[in-house]
Amino acid sequence: MIKKVLVANRGEIAVRIIRSCREMDISTVAVYSDADRSALHVLYADEAWHIGPSPSTESYLNIENIIRTAHLSGADAIHPGYGFLSENPDFSARCREEGIIFIGPSPNAISMMGDKITARTTMTEAGVPVVPGTKDKIESEEEALKLIGEIGLPVMIKASAGGGGKGMRLVTSDKDVTTALRGARSEAGTAFGDDSIFIEKYIEAPHHIEFQILADSHGNVIHLFERECSVQRRHQKIIEETPSPILTPERRLQMGEAAIAAAKAVDYQGAGTIEFIVDQDLNYYFLEMNTRLQVEHPITERVVGVDLVKEQIHIANGKPLQLRQEDLKQQGHAIECRVYAEDPDNNFMPAPGKVTHIDIPYGVGVRVDGSIYEGFEIPLYYDPLIAKLIVWGKDRMEALERSRRALQEFKITGVKNNLRFLERILHAKDFVGGNYTTHFVEENKEFLVNEFSCDNHCEDIVIITAFMEYLRKIHKASPKEMTALKNNWKDYSRVRSVFKL
Amino acid sequence: MIKKVLVANRGEIAVRIIRSCREMDISTVAVYSDADRSALHVLYADEAWHIGPSPSTESYLNIENIIRTAHLSGADAIHPGYGFLSENPDFSARCREEGIIFIGPSPNAISMMGDKITARTTMTEAGVPVVPGTKDKIESEEEALKLIGEIGLPVMIKASAGGGGKGMRLVTSDKDVTTALRGARSEAGTAFGDDSIFIEKYIEAPHHIEFQILADSHGNVIHLFERECSVQRRHQKIIEETPSPILTPERRLQMGEAAIAAAKAVDYQGAGTIEFIVDQDLNYYFLEMNTRLQVEHPITERVVGVDLVKEQIHIANGKPLQLRQEDLKQQGHAIECRVYAEDPDNNFMPAPGKVTHIDIPYGVGVRVDGSIYEGFEIPLYYDPLIAKLIVWGKDRMEALERSRRALQEFKITGVKNNLRFLERILHAKDFVGGNYTTHFVEENKEFLVNEFSCDNHCEDIVIITAFMEYLRKIHKASPKEMTALKNNWKDYSRVRSVFKL
Amino acid sequence: MSYEVKLKDRIAKVEVLSHQGDKLLVSVDGKEYALDFVRISKGSYSILHQNKSYNVELIPVNGIRKYDVNTLKHTFEVEIIDAEAKYLANRRKGQEDDHEAVISSPIPGKVVNLFVKEGDTVKAGQTVIVIAAMKMESEFKAPKAGVVRSVKAVEGQNVEARQELVVIEFK
Amino acid sequence: MSYEVKLKDRIAKVEVLSHQGDKLLVSVDGKEYALDFVRISKGSYSILHQNKSYNVELIPVNGIRKYDVNTLKHTFEVEIIDAEAKYLANRRKGQEDDHEAVISSPIPGKVVNLFVKEGDTVKAGQTVIVIAAMKMESEFKAPKAGVVRSVKAVEGQNVEARQELVVIEFK
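Residue numbers (our numbering), protein chains in the order written: chain Y, -8 to 492; chain Z, -8 to 492; chain W, 2 to 172; chain A, 2 to 172.
Any given hint could be a false lead.
As the list claims (entries may be wrong) - Within a straight-line C-alpha distance of at most 30 Å, the following computed DSS-like cross-link-like pairs (lysine-lysine) qualify: (1) A:Lys136 / Y:Lys149; (2) W:Lys9 / W:Lys74; (3) W:Lys153 / W:Lys142; (4) W:Lys153 / W:Lys111; (5) W:Lys118 / Z:Lys149; (6) Y:Lys467 / Z:Lys464; (7) Z:Lys407 / W:Lys111; (8) A:Lys9 / A:Lys24; (9) Y:Lys107 / Y:Lys157; (10) A:Lys32 / A:Lys67; (11) Y:Lys166 / Y:Lys128; (12) Z:Lys345 / A:Lys24; (13) W:Lys118 / W:Lys153; (14) A:Lys14 / Y:Lys407; (15) Y:Lys464 / A:Lys53; (16) W:Lys142 / Z:Lys407; (17) Y:Lys385 / Z:Lys310; (18) Z:Lys464 / A:Lys67; (19) A:Lys9 / A:Lys43.
As the list claims (entries may be wrong) - Sample of chain Y residues facing chain Z (criterion: CB under 7 Å; computed from the structure): (20) Glu292; (21) Gln322; (22) Gly323; (23) Glu392.
It is worth saying that the hints were derived from the structure and are not from the lab.
Where a beta carbon is used, it is the ideal one built from N, C-alpha and C, also for glycine.
Assemble the whole structure, with the sequences as input and the hints as a guide.
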């Protein structure tokens, strides 16, 4: 039984893991780089050990230092969180060698899912659908035409040696096939000196939908339903929800079974996520597997009623799953908004700096996971994710309305952040409608960067208040100046007749 | 349809009601007394209107001022919260006369349940069990003996004119009946000049268990299961949980049906609570009905998955209930801890004053409803309830462990409070075991007021830190003094050889 | 260069031995502590001692000598005893009056129960009076055994803050 | 006794007409406001205007003239324009250089995509370069139409904070 866990991570996920450990009466060891001496996970853990300089390659990615710290602190297990070493098969292997429990899957499962081509082959063999197409080079036009016939339009033709969009052609109609093929090959030949191509089914309006699975060491695998993650900007998820507003119960069942088959195919143990790309007709294709906890795991926790970190620890302890597939249900609806320290008005540039003030939303159905506090200096070395707002409602509409209410109350001052951008998303027609694709942010760009208009008078009230505070401070700084000011006010009130409410 | 709600209350419940209104896009009007100009409900509402001086009789209980404010502000409905005017039939009636929707039951339902004798009679007629005994005076020994035979031992004999324990006798054994009867009557005669008595079944180890009900204006009544409220101090609830750890599914079903029958008997509309007293054999007796929202309603919200304030508003709008009894389920377990500004070390005396610092717990399964902020001055005119911690877990053990974790993180500084006392309750063997009665606090008094022992070194660390802060401040106050101090340090380090980590 | 610091009933002698950057060497009642000592924001410190992490919040109480202190698991009241504090403590001691107890309520309320009358003998811990204030009931008990010398409260009536309610003369 | 206050592009003239207790009469651009104006804690005010409730939080930004401001529904940056601010603004104006744009990243990162080379013509809003920093990708666009005068970045390579990456000369 695990008694002391070293959390090989930082930020909100480290804090979140420590919370569950504390509830289980497990001791916790935080590790920190130079930049993180004052980080919340250091303050919150039972122990804190320094593991190196600020750049993560020298600290949070430094396997030697982390293993040494585990031994020195007497930790019997390591939780890798997400990112950093969480999907590094060498780290998982190294923990095993050192007699430390790695709270995650085997090195082999990580490796198989980490390599795109192995993963694709393994999935095909397990009967899990992958995006139709070929990963072998195509060298002749006949071969290409035959394959396009099999896959069906639309397809994307890509140069094997490609990059930067060169040699890429989208084909949506039969009459364009030959022209596109020739164009792509010729462009590829010119640009890269190699005119071989790949052909892949083009998903026009893709949804990113993933399934949470749990697998124990006794061969039991269950899924905890899906998360809809199509609100993305440059492949970075921004808002996730569950259930997905587009899935039917039948399709959910099928995809859940596919997710379980995928996990079984690599003899998976622990918590993992199978990502699918889904088209408008609800055809679904395996994209990849994340062999770790996801940032967005709390929405699953909320609708299924489970603490995923605790489940991970139980599995790592060799216990059989207590949850049975037939008992699991999606209760209501949950939405997660990711709060980034970034500037939506300036290319979404990450915005490290000092947090001067925070207002956190409370009340029914609201959970906030975060890693900042007033006075905290967000370091520039790591991910700018600083908090997550997880909101539950009895149905999607309530979750949406509650998320808006919570975002309105959520304020982080001192560093630029995307809170108002998130609020805009929750008011965008496509999001409210529920049928949005991974193109959502791009398609709604203008709406999303607009500001909410101010109430009547509200600008003036803000101006007045700031001004009064300024006068107050001047007064404190120099009483003399203020006395003059006060007399002036008296003059005014004399002239204008005294006002009474 | 209600568009603007006046919340005729203050504190956490006013804030909580405004939150749900905001999610429903309903405007909110706060009312405040002199003492509450800076209270959170005033800051949080869309509008705020002054209704009178600090004593609640002149403000929150002033029907005229509240009705006038509703008209002036254009509110079409009033939510009374709990306490204050919430169970005042005249207020409910007055709202009706004035064409304002009262979010609560009819004056008649309030009156019938407000009068103990009418309520008892009505319940008996509706087939809801009440505590066996008589409310009519008994004047002869024969009559008394006959009744005791019917009720069964133990019974409590009480003087009709009684008070202060005089003329009271607990009878647990047949052989004592006659002696006790005569003793009680003689004592009563001497003390009050009236030797008539009452006889009531004595519940030895009583549990206080209540059922939440919802009733719409179309005759639909459902119950949302029970809340176990036996942790009390001087009839003041401290911790509530749901499900009750002692109820069986069969008994839960019966009591739920009894609760529905009770509500139907008074043609109830809105949210209400039927309180039962339950003995160790799970015999249950109607105690009273609270014709309003309860302080502890959030634990029901959490396990049933419903926003009770929104349901109240839907019912007030004349909508039929969307929830059906057969769909309702208790999901997991929830515990509420009531945070009072009171001093457990000094007779639990309420402790008004200025809040200087707050640390609020976060993370999975944690909800905090409150009405204080840093810098807020808790007024001495009202209830000392300042916050509620509502924690959910997949089962009772998880809810308990998570509540402990959350309470550990919860800090309110500047005013005395019962946070540590609450934490002690969650460690008390009787509470952990789950079979505790309304005598729990009294029986565990010594355990509950003890302190948690400090970790090794932790006192010393606290002493050092306070001392260093003191030196820092002295230094800021008088640089000269500190320079001398610094030199002193140098001397010491020279003598003792420089220390390096 | 050592000070006394009071925590609960304990008075500890504290002495800073060296302080360079975040490295602090200090002794408490002769026991030495080598700490990584960092001020993380106003009134908030992170202390690592042999890799144990302590997060200590200090909230000043009237001035710079007294603090309400929070750690993750505990809360304390701490007082630095400087010359002024010593003087005040000595003066208080001189005035202490230990032959009677005056029971009063710190805030206004209403007498719910009054269990004694003048001349009654009371045991230590016996409930003397119950006051309701801010909707809560508080029981006031006799701190030691004694005799009720005077009763100024009436059941059912309101009382002011700090009003004398019951005086108990100790035996 | 009037000041100018800047909020977004607007510069408003503010004048206190009277202030007695919590009652404040003030004009903004000639419009009068009668307010119930209460400071509730450090940097936090409650304002009632015709019974509308405004809760305004002010977080000072370097000194006393600039504030980040939160209301329940909005956030703003506000600046009080006093003599010093006017002087600074005038000086800035003189230095302003509007015939070219220098694209740089405020924090260190890595060039993910570089879409232009020296001599390329760019349209207003066209993405010029994509930088990854703190694991996030940011697109930098041409503010106006122009010609790329110089490129100092290389795809796949790291860049320093404020390093000149691409210079666009406006037409």
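Verification of the supplied hints:
no., hint, in the structure
1, A:Lys136 / Y:Lys149, "holds (27 Å)"
2, W:Lys9 / W:Lys74, "holds (16 Å)"
3, W:Lys153 / W:Lys142, "holds (16 Å)"
4, W:Lys153 / W:Lys111, "holds (13 Å)"
5, W:Lys118 / Z:Lys149, "holds (24 Å)"
6, Y:Lys467 / Z:Lys464, "holds (21 Å)"
7, Z:Lys407 / W:Lys111, "holds (21 Å)"
8, A:Lys9 / A:Lys24, "holds (28 Å)"
9, Y:Lys107 / Y:Lys157, "holds (22 Å)"
10, A:Lys32 / A:Lys67, "holds (23 Å)"
11, Y:Lys166 / Y:Lys128, "holds (23 Å)"
12, Z:Lys345 / A:Lys24, "holds (24 Å)"
13, W:Lys118 / W:Lys153, "holds (10 Å)"
14, A:Lys14 / Y:Lys407, "holds (28 Å)"
15, Y:Lys464 / A:Lys53, "holds (26 Å)"
16, W:Lys142 / Z:Lys407, "holds (20 Å)"
17, Y:Lys385 / Z:Lys310, "holds (17 Å)"
18, Z:Lys464 / A:Lys67, "holds (28 Å)"
19, A:Lys9 / A:Lys43, "holds (24 Å)"
20, Glu292, "holds (6 Å)"
21, Gln322, "holds (6 Å)"
22, Gly323, "holds (5 Å)"
23, Glu392, "holds (4 Å)"
Checked against the numbered hints given earlier, this structure breaks none of them.
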